[in-house]
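Undergrad: What follows is each chain in one-letter form.
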Amino acid sequence: MFGLDKKDTTLLIIVALLVFLAPFLLNPFPADSAMAQFNAGYPDLMQRFVIFGIFAIGFNILFGLTGYLSFGHAAFLGVGSYAAVWMFKLLTMNVIPAIVLAVIVGGLFAALIGYITLRRSGIYFSILTLAFAQMMFAIAYSDLIGRFVGTSITNGETGLQLTLNDPRILGESATPDGSIPLTNLFGWDMRSTYQMDVGAWLFQFNFGYYFCAVVMLIAFFLSIRIFRSPFGLMLRAVKSNQQRMNYTGLNIRPYTLTAFIISGMYAGLAGGLMASMDPLAGAERMQWTASGEVVLMTILGGAGTLIGPVLGAGFIKYFENIFSKINEATLHQWFSFLPDGLETFVVWVAEHFVGSGWHLTLGILFMLVVIFLPGGLVEGGQKIGGLFSRRKQADEKSKATKTEPAE
Amino acid sequence: MGILDVKNVSKRFGGLKALSDVNLSIKENSVHAIIGPNGAGKSTLLNCLVGKLIPDTGSVMFDGQSVLGRSPYEINQMGISRVFQTPEIFGDLTVMENMMIPVFARRDGAFRMHAVAMVNTETDVIEQAEQVLEDMNMADKRHMTAASLSRGDKRRLEIGMCLSQQPRLLLLDEPTAGMARADTNNTIDLLKQIKDERDITIAIIEHDMHVVFSLAERITVLAQGTPLVEDEPQKIRGHPKVREAYLGESG
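For the record, the sequence lines run as chains W and F.
Counting from 1, one number per residue, gives the positions in the first sequence under this note's numbering.
Counting from 1001, one number per residue, gives the positions in the second sequence under this note's numbering.
Please keep in mind that the hints were generated in silico from the structure rather than gathered at the bench.
Hints are supplied without guarantee of correctness; some may be wrong.
[What the hints assert, rightly or not] Short, incomplete list of chain F residues facing chain W, as computed with Cβ under 7 Å:
| hint | residue |
| --- | --- |
| 1 | L1093 |
| 2 | F1104 |
| 3 | A1105 |
| 4 | M1118 |
Note that the structure is predicted; figures quoted are calculated from it, not measured.
Using N, Cα and C, we set each Cβ at its ideal position, and we do this for glycine too.
Using the sequences and the hints given, assemble the complete structure.
TA: Right under this line is the structure:
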């Protein structure tokens, strides 16, 4: 299908099914039960799953294929967000122009920064990208360019927001009832949510989520095509042996730069979608912690694999949401069966790992994955799959009267 | 005039004169060996030919064009392929993918985006790569990861990758260094076969005299950065200057 072989088509279909059925799959617990806090099937979080999935898919095209570890990709996500919000302010609340501009701006910034940083490789490249991203963060945070040209561009630490005075040439500055219009796709509101009650369960189908999901599937499909193209093969060759690349008559720079620009465009797309779901843009999206997060997602899921970054993004965003929601009261409730002194102690220990301390948990999880599954969650899946198929093979072998010669 | 002409090439590293006034001409379709004791400047000379180093003075002409100031990839696209002392292959990729990359490089040049096509539908590239694999007797290993090959097979693969570009000049930098005797003999046979079957010029830098005398048609002896003698193998064998260079003045 679409020029993919059978295996990739199956993968794409499975991902599509998971994404479309996510409102069911992520809501396995009844809405009123104690387990309901582990549900993740609400629009805001699901949107984050797919948007960060796109971000990580794009990052993987650079890091997973060429091995160039950029530590500044959040900068492209940030400029994508700003570009999209400006589109909402100036042109229309339709998300298409905003997203298109976000992708273009992300690509342009990536071209500029990639052109400079890709002169170095390894740790020097990482440090250069980090430096650029922090520079861009500082510029956005202080609204430096805005102060220079006399009108606010990023609106500094407050962040860029929509106001009732925005021109919106193709739309309206304010709705008839005097509020700011909502982001939409040709009239379909991104916020509109259909709620379905099934017994004790509550499922939410949000238009914005499904829009992001379709965009993610397209992005995922394009990344499969890039992985399987001669261009993708060259990118893997860059990661494997640059010396041999050079002495095989291939110029490395344009390959790495193109990969950098593509991943910058993916980041811009993610930023544009983020702004489309919630039309504001702040400098904190460009912070180095945000850049580090996408690195974690990609490595946690499995760098260089197709599905890994999506899994990593989902994994991190899910646990971030769950762990940061748990508070002391919840812990006391959980451990109430313990004797008093012990309960206080266990809660005292555990509370450092939840709420705002959830990064501690993330750190431990990341360490465990990197130590025991260097190939990420994908490797874990393969190991489990291998375990089953080996058992199956062993069964078949014991049943067969004579063994086939090994291939 | 040969296919490769080196004229008055000198190269200095700080106080060390690695090459001084090297003149060398390699005839088309010949096998030319460059030998010499450690530190004679063999590798420096080779690096000057492929664009890794730029000589301080002199000229290097390949087929009438200067190679000086060009990047390694440009020089490769001119028709010079290089085999390294330790095989430089794409270890993470399969043998087949390794072989396809130089074929792509030959067909598409130094850079082509090519993201719309799929590798497995590029039938002409696949066919060419498979042909070379068969020539190298490696067709059965095509799905193996290159890094898992034996040392001899890695060398074979690297030579195959170079040949799949159909270069006019193949440069080999100590192709049998660190190899067992059997692997060395296999490599010699492979190179002999290549020399007999193809229109190709081979320049070989070697330490192992067994390899040199079984392959070379012409030998240049390099010592302390200058060519001592250049002659046919039989004459080199007993040459007093060569003995002197290898065994020392009083030897």
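Undergrad: Please go over all the hints and tell whether each is borne out by the structure.
TA: Verification of the supplied hints:
The beta carbon of L1093/F is positioned within 7 Å of a beta carbon in chain W (closest approach about 6 Å), and the interface hint is therefore held. The interface hint given for F1104/F is met, as the beta carbon of that residue sits about 6 Å from the closest beta carbon of chain W, less than 7 Å. The interface hint given for A1105/F holds, since its Cβ lies 4 Å from the closest Cβ of chain W, which is under the 7 Å cut-off. Proximity of M1118/F to chain W holds as hinted, the smallest CB-CB distance being about 5 Å (cut-off 7 Å).
In the structure shown, no violation is registered for any of the earlier numbered hints.
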